[in-house]
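Taken in order, these protein sequences are the chains called L and V. Its first residue numbered 14, the first sequence is counted upward by one per residue in our numbering. Its first residue numbered 10, the second sequence is counted upward by one per residue in our numbering.
The set of hints was computed from the structure by calculation and includes no laboratory data. As the structure is a prediction and not an experimental result, all values here were calculated from the model. We treat Cβ as the ideally placed atom computed from N, Cα and C, and that holds for glycine. You may find that some hints are simply not true.
Only some residues are given here: those of chain L computed to face chain V with a beta carbon under 8 Å [said to hold, decoys possible]:
| hint | residue |
| --- | --- |
| 1 | D83 |
| 2 | A120 |
| 3 | A134 |
| 4 | P138 |
| 5 | L182 |
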Amino acid sequence: MPAPTRILVTASPWSLTRFVPTVFGELLALGAELLFAAEPGTDPVPDELAGDSRARVVELPIVRRGAEADAVKLLRRLTDLNRFLGPDHAASSWARRRTAVRALAAAGHPDARAAAAGLAAARLPAPVHGVLTESLNELERSLPPPPALAAAVEALGADSILLVSRCSLGGTERDVLKVARALGLPATMLVWSWDNLSSKALINERPDHVLVWNERQVDEAVDLHGFPRERVEALGAPSFDRYFEELARERATPSAGDGDRRTILYLGSSKNVCKQEPDVFLRWVAAVRAAADPLVRDARVVVRPYPGGGGWRRWRPDPPGDFTIERSRKQQPAELARLVLDADAVVALNTSAELEAALAGRPVITFRAGEEAPGQEGSVHFEYLLAQHGGFVLDSRDLDEHVENLARVLRGDVDPRPLAAVAERFVRPAGIDRPVSPLVAAAVLEHARGGARTPATIAAG
Amino acid sequence: MRIGVFHGRKYYLRNVSTALTALVEGGHELVLAAPESKGRPVRVPAALEGSGRVATALYPTGREDGLDRSVAVLRATRNALRYESPALRDAYANRRRAYRKLLGALAAAPGGDPPPPVETGAGVDAALAGLEALVPPVGPLVAFIREQRLDAVVCIGRVNFGGDESEVAKAARVAGVPSGLVVYSWDNLSSKGLVHVHPDRLFVWNDFQVDEAVELHGADRRSVIATGAPRFDEFFALRPSAPREQLLGRVGLDPAAPTVLYLGSSGFVTKREPELIERWVATLRSSGDERLRTANVLIRPHPGTLDEPAWTAWQPGLPGVAMPRPRRRAQDLYDQLAAADAVVALNTSAELEAAIAGRPVLTVRTGDLAPGQEGSAHFRYLLAEEGGFVQTADGLDEHAGQLRKALAEDPLAEQRRRFVERFVRPRGLDRPAGPELAAEIEALAALRGL
């Protein structure tokens with residue numbers, strides 16, 4: 014009997030692996046052995062795999078330390094900033110601001126936050142951006158992998174590396190990929206979410222294979238990161254497999270309903286989109302309650318604060334408003350499925366949960382919150398979901414137009430089915446009935462057994 | 010001991026020739042190494058020609074790791090940002106040049122003013138220095154230093170933008186050979202680039218430069234050694250080649266009249282010097298003081314500007330004014346100084362020779378007409394008001410008064426003598442700097458293997 018294929022699983026951030034248990038379950042079923050890389054004190058193994066001897070934790074020195082760590086951090090933060098100063102990212106004002114603060118802080122600026130505004134307002138001409146990109150990539154390429162990490166990985170005897178990545182700013186992707194290259198291990202990168210390739214770090218170390226959700230992300234991987242197109246595969250979003258299961262289960266349970274009264278679900282966004290979203294929400298509630306159409310004015314309003322901090326974390330409206338607050342934790346697909354199924358319309362600024370809502374067949378509507386939400390219009394991926402750009406979210410210039418759109422939706426004037434079909438193609442391009450995790454697992458295993466392609470580093474903008 | 014003498018340009022050796030001679034006479038072997046990128050063979054200075062202890066070599070400069078552009082951008086960035094420090098922010102001409110170099114490194118369109126000053130804080134350069142530390146040395150240069158079996162590497166440099174000093178120091182460190190940088194001149198640490206990689210020893214002229222090395226470049230004070238300026242050793246020993254009557258008579262000037270020598274500055278200081286000279290001469294000629302009205306004016310253009318349009322298109326054509334073509338030989342300058350009663354200049358190293366020759370030196374602040382004067386950090390070092398010896402005036406009328414007084418009584422003679430000692434021979438006016446530097450280089454080589 015052949016030895017199982019031993020795959021070293023790393024993630025950036027480390028907790029991502031906990032949210033795609035279906036992929037790892039499939040890998041185990043296909044005969045893989047999984048070593049989950051962990052910094053001391055972390056447990057990246059999904060609960061569903063607990064106790065399975067074929068899935069175990071290996072502690073690795075993943076985070077760079079030592080004399081050069083600060084310099085490497087600065088180099089990478091400059092790379093991230095430079096990315097958003099270039100012509101391809103003119104619309105990414107929020108990412109530019111974010112990366113400017115981080116770069117200035119790493120450079121020891123005494124008041125990085127204040128100085129970042131000026132820096133983020135800068136635009137680099139294409140030739141200058143090209144030179145800087147090339148220079149920064151050259152420097153990155155010249156960095157050897159962290160010796161301790163390389164030695165520790167080599168000692169594991171792994172056949173390949175699976176990197177689950179959010180392309181995080183300050184993430185560990187580059188070092189993991191350097192190690193893979195140095196050891197000749199095939200590396201497959203699974204991109205976690207739909208906004209990761211456009212709004213975060215440049216991956217200027219090249220994996221052998223990149224697995225993404227859809228064709229738009231294939232284009233991003235090629236155009237924005239410089240990956241060769243033949244190494245990028247659009248297999249869908251494995252993180253939605255559990256959601257689809259829960260959705261089917263919840264659909265079988267009738268909604269409690271509230272008579273003729275309509276329900277509007279407001280889905281909070283992350284602090285990166287809007288730091289004080291409760292203020293925006295309260296303005297929105299006031300606009301809804303002032304609507305001319307009673308379907309809107311009298312609607313039941315449910316708000317789901319974003320489950321990850323920001324202004325929502327300590328928000329306790331006083332006095333309590335005319336709405337229901339439904340707090341939940343991250344990655345609770347059943348709860349989210351129930352919430353969206355109980356709603357007649359869903360409102361959000363810019364969050365992945367809009368996808369869950371659309372997949373449930375619910376119309377999704379947004380409005381432009383302006384400077385209060387710099388990560389909304391200031392993020393390229395915001396545009397991706399808008400109906401006018403081929404997406405499924407109904408856009409509104411302001412709250413007045415938004416309230417009118419809400420009325421149209423609640424009256425049933427908008428057919429959500431074609432919009433839902435867009436969302437389905439976005440997360441399951443191979444077909445709405447085909448779970449993605451088996452496809453991803455098969456690809457990972459195939460690449461693990463296929464060997465490394467002796468990748469070179471890249472120079473992308 | 011076998012000592013590598015790295016020099017980006019052949020004339021760099023001239024400034025340290027007395028030190029090199031002392032090393033050879035001390036029994037040491039020298040390898041005079043020039044960059045192979047210059048494409049020219051190394052020339053041995055006349056004082057060392059025929060010595061069996063002097064070899065030449067070309068050192069490799071090309072990287073094999075493809076980091077050329079990164080290094081250029083990184084260093085150009087640091088060079089520009091150093092002019093955001095409070096100490097150098099007012100050196101607007103130096104700052105403008107540094108930003109121009111940065112634009113060049115970035116392939117950006119040239120021209121325009123540099124950006125408004127930005128507050129970077131001290132931590133920024135420390136962070137960028139961390140990036141410099143990530144850059145490996147030039148591999149072939151490391152191999153070259155090893156192959157040459159050197160006991161010490163000494164680089165003679167001006168800390169130019171894009172100079173080789175840092176690469177030499179970095180390669181020497183990796184090769185396990187102690188390294189030193191001999192700073193070529195008095196303005197190099199304040200008006201040019203950064204010392205990106207610190208050698209084991211930094212040899213400078215004086216305590217001003219010790220402070221600059223520490224405060225402007227972050228050098229460890231213990232590694233910075235003031236030896237004096239070997240370039241003036243020859244000058245100290247010179248005497249006039251002819252009597253004053255002959256020196257002035259051969260250029261058509263009246264030996265009986267007081268003589269003012271105007272020393273031209275480099276093109277970086279001003280592109281409009283002839284225009285300034287005309288105004289200056291007109292002021293003298295319209296003075297109420299007869300000595301100024303009738304004084305000889307001897308003009309010595311900076312040897313580096315002779316081909317510049319402002320100078321090629323200009324001839325003084327004024328009575329009592331002579332402008333012989335300058336020769337680079339020290340004797341030529343010495344003779345002109347010997348024939349002069351006072352010296353006027355905007356901002357040039359020849360002011361130091363004038364001080365050594367015991368002549369009063371004066372200047373006039375000229376604002377935007379000479380941006381490299383007040384816009385250079387080192388301009389103030391020589392000023393009398395800063396403890397130096399150069400009398401400064403805010404306008405030509407004030408200057409004329411100072412010049413009249415200087416011709417009559419030279420009130421700053423003692424202050425000038427003390428400054429010369431402190432600035433170019435800090436170990437004693439009677440102690441040539443070349444042997445002092447040679448002894449320090451020997452001590453550097455002795456570090457090998459410690």
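Structure-based check of each hint:
no.: 1; hint: D83; verdict: holds, 6 Å
no.: 2; hint: A120; verdict: holds, 4 Å
no.: 3; hint: A134; verdict: violated, 12 Å
no.: 4; hint: P138; verdict: holds, 7 Å
no.: 5; hint: L182; verdict: violated, 17 Å
Taken one by one, the earlier hints fail for this structure at numbers 3 and 5, listed in ascending order.
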